[in-house]
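A.B. asks: In terms of the working numbering, the first sequence opens at residue 516 and continues consecutively.
No lab work stands behind these hints: they were computed from the structure. In this text, all values refer to a predicted model and were calculated from it rather than measured experimentally. Hints are supplied without guarantee of correctness; some may be wrong.
Simulated pairs of lysine-lysine, PhoX-like, Cα-Cα distance not exceeding 25 Å [what the hints assert, rightly or not]:
| # | residue 1 | residue 2 |
| --- | --- | --- |
| 1 | Lys594 | Lys622 |
| 2 | Lys614 | Lys591 |
| 3 | Lys622 | Lys591 |
| 4 | Lys615 | Lys593 |
| 5 | Lys525 | Lys593 |
Ranges between beta-carbon positions, derived for each pair [claimed, not checked]:
| # | residue 1 | residue 2 | range |
| --- | --- | --- | --- |
| 6 | Arg521 | Phe604 | 28 to 38 Å |
| 7 | Gly582 | Pro535 | 29 to 39 Å |
| 8 | Arg553 | Asp529 | 12 to 22 Å |
Where a beta carbon is used, it is the ideal one built from N, C-alpha and C, also for glycine.
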Amino acid sequence: MKTGRRLDAKDVYDLLRTVPEGQVTTYGDLAKALGFPRAARAIGRIMNANPDPIVVPCHRVVASDGGIGGYGFGIKMKKEILTKEGLLFDGDMIVDFEKKRAVLKLKRKK
DNA sequence: GCCATGGCTAGTA
DNA sequence: GCCATGGCTAGTA
Numbered sequence: 516m517k518t519g520r521r522l523d524a525k526d527v528y529d530l531l532r533t534v535p536e537g538q539v540t541t542y543g544d545l546a547k548a549l550g551f552p553r554a555a556r557a558i559g560r561i562m563n564a565n566p567d568p569i570v571v572p573c574h575r576v577v578a579s580d581g582g583i584g585g586y587g588f589g590i591k592m593k594k595e596i597l598t599k600e601g602l603l604f605d606g607d608m609i610v611d612f613e614k615k616r617a618v619l620k621l622k623r624k625k
């Protein structure tokens with residue numbers, strides 16, 4: 516977390532990589548877990564800047580109410596990928612959202 | 001000054 | 001539906 520004064524994109528990506536297939540997290544949950552409880556929107560911007568969608572599963576970051584959230588390649592694609600990973604949708608809402616929500620654990624930094 | 005958010009009110013039904 | 005919040009970028013000077 517370096518200075519701790521500013522949200523570091525790398526920390527966000529590292530934490531997001533711990534969210535397994537079939538589960539999701541939210542912009543706000545990532546922000547809180549990293550110690551920036553107000554930075555949900557900033558997390559969204561960081562997702563948008565994701566340099567490597569293959570390695571960093573930004574499609575697993577959804578809205579706090581179980582809605583889809585955004586996606587650089589379109590929310591349709593995001594929904595398809597999540598469906599492929601085993602999630603179900605009722606319209607644009609994730610079914611059983613609370614049960615699919617990953618518990619975020621911050622790993623020790625080296 | 002925008003936005004891949006979210007939480008909290010007002011105000012309707 | 002409003003607006004605080006954090007980080008970014010375009011575009012002016």
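A.B. asks: Each hint: holds or not?
C.D. replies: Results for each hint:
1. Lys594 <-> Lys622: Roughly 28 Å between the alpha carbons, so the hint for lysine 594 and lysine 622 is violated.
2. Lys614 <-> Lys591: holds, 22 Å
3. Lys622 <-> Lys591: violated, 32 Å
4. Lys615 <-> Lys593: At roughly 16 Å apart (the allowed maximum being 25 Å), lysine 593 and lysine 615 satisfy the hint.
5. Lys525 <-> Lys593: holds, 22 Å
6. Arg521 <-> Phe604: 28 to 38 Å: holds, 35 Å
7. Gly582 <-> Pro535: 29 to 39 Å: violated, 21 Å
8. Arg553 <-> Asp529: 12 to 22 Å: Check passed, 21 Å falls within 12 to 22 Å.
The earlier numbered hints that this structure contradicts are 1, 3 and 7.
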